[in-house]
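Residue numbers (full-length UniProt numbering): 1 to 157.
Think of the hints as simulated: they come from the structure by calculation, not from any bench.
The structure presented is a predicted model; accordingly, all values stated were derived computationally and were not measured.
Do not take every clue at face value.
[As the list claims (entries may be wrong)] Pairwise CB distance ranges (calculated):
1. S10 to A60: 18 to 28 angstroms
2. A9 to I101: 15 to 25 angstroms
3. P38 to L114: 32 to 42 angstroms
All C-beta atoms, glycine included, are put in the ideal place defined by N, C-alpha and C.
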Amino acid sequence: MLVALTREASPRVILTVRSSELPTHKGQIAFPGGSLEPGETPTQAALREAWEEVGLPPGAAQVLGELDDVFTPVGFHVTPVLARIPAGLPLVRTPEVAQIICPTLAELRALTVLRETRRLPDGTPVPLYRYPWQGHDIWGMTARVLHDLLTQGPAET
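Can you make the complete structure from the sequences, with help from the hints?
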């Protein structure tokens, strides 16, 4: 998955609302991303998926590195890739995406975050977060990555 932040005074994060036509995770908020293809690194997959889902040219992203791996209660393992992109870059909604939303980090930090705990199959506790933003419910793995970014990641600039 690509965690893309715009390069501006109040950075925005690129999120998608998944199409209701998809077989899984319909209507959920997600970072651009998907499965690794054979021989791909997490960074290559994140850049490819961002191009396929929102038309983000791979060369426009300055990759800063990988964030901590995320494991979900249902068994997904994801490596988020952090990148900076130019502000105002035109993004294109593709059939996989119902909407592209771009909240600022400041807006997300100002929200009242809801938290609960679930357990991985091995019993490890996993915090779950919900960010209610402008009529959208950002939850699950997306909210976990956002929470880590907002609490441990870069400051506003």
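Going down the list of hints, with the structure as the test:
no.: 1; hint: S10 to A60: 18 to 28 angstroms; in the structure: holds, 19 angstroms
no.: 2; hint: A9 to I101: 15 to 25 angstroms; in the structure: holds, 19 angstroms
no.: 3; hint: P38 to L114: 32 to 42 angstroms; in the structure: holds, 39 angstroms
This entry satisfies every hint, going by the numbered hints stated previously.
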